[in-house]
Amino acid sequence: MRQTQWSDGQRITVFVLPRHHVLHLQFSKERLEMYPYQLDRIWNKLTYSGLGVAPFMVTSPAALIDAVRKTPGAIGYIKKLKDEKGFYVINAKN
Amino acid sequence: MLLTLKTKVESVFIKKLLLLTAVFYLFSTVVMATEQNFQLHGFVSQGIIDVNGSNFVNDGGSLSTELTELGLNGSYHFSSTLRLTGQVVYLDGGNRYAKGVRIDYALLDWSMYDNDNWQTNVYLGRFKNNHWLYSSSRDIPFARPSIILPQSVYFDGFRDIAVGADGIAVKISHSDDLYGDFDFNLSYGTSAISDEQAEIILSKFAQGKIKQDYDVQASFYWRPTFSSWRFGVSLLDSVFSYNTNEGIDLFVDGEFSFQFYTMNALYEGEDWEFSGEVYQEKFRTEGFYQPQYDSSPIGQGAYLQSRYKVNKKLTLLARYEHFYNDKKDKNGKKLEEATEGLVPAYFAYHRDTTVGMSYDFASDVSLRLEYHWFQGAGRLTPVVVPNPKINDSKNWQLWAAQLMYWF
Numbered sequence: 029m030r031q032t033q034w035s036d037g038q039r040i041t042v043f044v045l046p047r048h049h050v051l052h053l054q055f056s057k058e059r060l061e062m063y064p065y066q067l068d069r070i071w072n073k074l075t076y077s078g079l080g081v082a083p084f085m086v087t088s089p090a091a092l093i094d095a096v097r098k099t100p101g102a103i104g105y106i107k108k109l110k111d112e113k114g115f116y117v118i119n120a121k122n
Numbered sequence: 007m008l009l010t011l012k013t014k015v016e017s018v019f020i021k022k023l024l025l026l027t028a029v030f031y032l033f034s035t036v037v038m039a040t041e042q043n044f045q046l047h048g049f050v051s052q053g054i055i056d057v058n059g060s061n062f063v064n065d066g067g068s069l070s071t072e073l074t075e076l077g078l079n080g081s082y083h084f085s086s087t088l089r090l091t092g093q094v095v096y097l098d099g100g101n102r103y104a105k106g107v108r109i110d111y112a113l114l115d116w117s118m119y120d121n122d123n124w125q126t127n128v129y130l131g132r133f134k135n136n137h138w139l140y141s142s143s144r145d146i147p148f149a150r151p152s153i154i155l156p157q158s159v160y161f162d163g164f165r166d167i168a169v170g171a172d173g174i175a176v177k178i179s180h181s182d183d184l185y186g187d188f189d190f191n192l193s194y195g196t197s198a199i200s201d202e203q204a205e206i207i208l209s210k211f212a213q214g215k216i217k218q219d220y221d222v223q224a225s226f227y228w229r230p231t232f233s234s235w236r237f238g239v240s241l242l243d244s245v246f247s248y249n250t251n252e253g254i255d256l257f258v259d260g261e262f263s264f265q266f267y268t269m270n271a272l273y274e275g276e277d278w279e280f281s282g283e284v285y286q287e288k289f290r291t292e293g294f295y296q297p298q299y300d301s302s303p304i305g306q307g308a309y310l311q312s313r314y315k316v317n318k319k320l321t322l323l324a325r326y327e328h329f330y331n332d333k334k335d336k337n338g339k340k341l342e343e344a345t346e347g348l349v350p351a352y353f354a355y356h357r358d359t360t361v362g363m364s365y366d367f368a369s370d371v372s373l374r375l376e377y378h379w380f381q382g383a384g385r386l387t388p389v390v391v392p393n394p395k396i397n398d399s400k401n402w403q404l405w406a407a408q409l410m411y412w413f
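For the record, the sequence lines run as chains D and S.
The first sequence stops at residue 122 when you use the numbering used here, and every number in between is there.
The second sequence stops at residue 413 when you use the numbering used here, and every number in between is there.
Simulated from the structure, these hints should not be mistaken for laboratory data.
Take these hints with a grain of salt, some might be off.
Away from chain D, derived, C-beta distances all over 12 angstroms, residues of chain S [unchecked claim]:
no. : residue
1   : I146
2   : K340
3   : P394
Here are a few chain S residues that sit away from chain D, every Cβ distance over 10 angstroms (derived from the structure) [said to hold, decoys possible]:
no. : residue
4   : L69
5   : S142
6   : G214
7   : G293
8   : K336
Pairs of lysine-lysine, DSS-like flavour, derived with a Cα cap of 27 angstroms [unchecked claim]:
no. : chain 1 : residue 1 : chain 2 : residue 2
9   : S       : K319      : D       : K73
10  : D       : K121      : D       : K107
11  : D       : K57       : S       : K315
12  : S       : K319      : D       : K57
Here the structure is a predicted model, which means the values were calculated and not measured.
By construction, the Cβ of each residue, glycine as well, lies at the ideal position given by its N, Cα and C atoms.
Whole structure, please, built from the sequences with the hints as guidance.
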C-alpha cells in the first residue's frame, strides 16, 4: 500500500472515489482492512506536511476509469469494467 | 461458533457481491501525466476564541477572532524519485505564537529506495516535525484532533521551534504481512528564532539574542499487521544559547538544553478512537539568570484522548491532560518558596480537561467546538520569566469554535 513506484521505476499514480462512496468504503474495509477516515488522515498528513503525495480523488467510477486510462502508471478500483482493452485487470474476487 | 460461522457466511456473501477490479493502464499520454506531476492544495479556517482567567490568547480576556489559519501548498515531481514541495501558512493565534506569514515547509523529497516492502525517503530543506503523534499536522485545522492541542506536548509557545527545522530528515518504512508496518524517522537541523518568538519564550526583559544550536530527533512507529493499534516512541535533544545584549540586559549569557522523550499509542476503531502520549522532559538552564546558575528540572506528563463517531458527520471528543515542570515539585511549593512568593505554586503544573465536537458539513467543510477547563499556568507564556501579574488565576477556562475548508 505504501509503495510509490512500479518495479520498472515508474511512479504510481493512485485514483480513488470520494470517501462516502460505497465502493470506496468497500475497498477500504475489505481490501485494505482500514476505515476510510484512517485513509483520510494518512493522506491529509502526506498532503499538508510535505511528506508525500495523496491519491487523486475523482467523482465517479466513470471518471476513475477515464483518469486511469489517460495516466501512465495509474491504478484504481472499480466494480465492473465493460471494456478491458488497454488495462491490466486484477479481479479481486473473494 | 455459530456467531463466527454466521459472520463468515455473511462476509463471504457480501464479498461475492463485490467484484473489485484493480486497473492499470500500460500506455502513456503526456497531457494527463503533466497534470499529475503538479498538485496544489490549501486550507482556510477562521474561529472565535474566548479565554477567561489567563493571557493564553490576549491580555484583556475579551472574545477574540485571533484564530486564523490559512495555508497553500504545492508539490511538483521532477521524476519518479525527486519531488519539490512547499507550504506557506498565515497564522494568527494572539499571544499563542507570533502572528504572520511563514514558510511552513520547503523541501526536496528524494525517494532513495522503493519496493514492495521497503521505502526510504530523504527530505532536504525545511521539513516538519514528524516525530510526535500530531506534530506534523498541528497547524492543519482538520487534520488535528482539536482546535487547541494538549499544550504540554504541543506547546504553542514553542510552536515555531518545535514545528520543524532547516536541515535533513530521513524516513525509512517497512511493511510485511507477518509483522506489520514500521516507520523510522531521523532528523537533524535548526530553527531560526524570531524576536517575537524570543519574547514569547523568555520575556520582553531579555534584550539579548537566543539561537538554536541544533535539534536532533528520532522516532519509531509500529502498527501490527491489520491491527487497529499503532505504537510509537520519540527522542529529542536540542541546545539553545543566549548571548546577552551588551548595551542593557537584565540577564547574562546562558545555555538551555532540552531533552524530550515520548511514548504514544493510538487505537482507531470503526466508532471509537483512543490515543495518548506519555512524556518526560529535561530542561537544563546554565547561566542566564546569573553566571553560576544551573538547574535541570525533569518534567513529566501524559494525556489520554477519546473520540467517538456518532455518525458520518458528528464526532465527539474528550481528553484529560496532566503535566508538571519538575517531578520533585509537582504542586509548585518549592517554586513559590524559591521565588519568595513572586511566582505562585500553580506555575509549576498544567492540567486540562477538554470536551469538544466536530461536525462535517461536507467532505471538505467542518466545524469544531470545544471547551477547556485548565488548572495551573505551567504552559502559559512567557516561559522562562513568568508573568503572575496577568496570570493571576490558578483555574482558567477556554472555549472556541472554528470553521474550516480545505482543498
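Problem - Indices of hints not satisfied (ascending) - result: 1, 5
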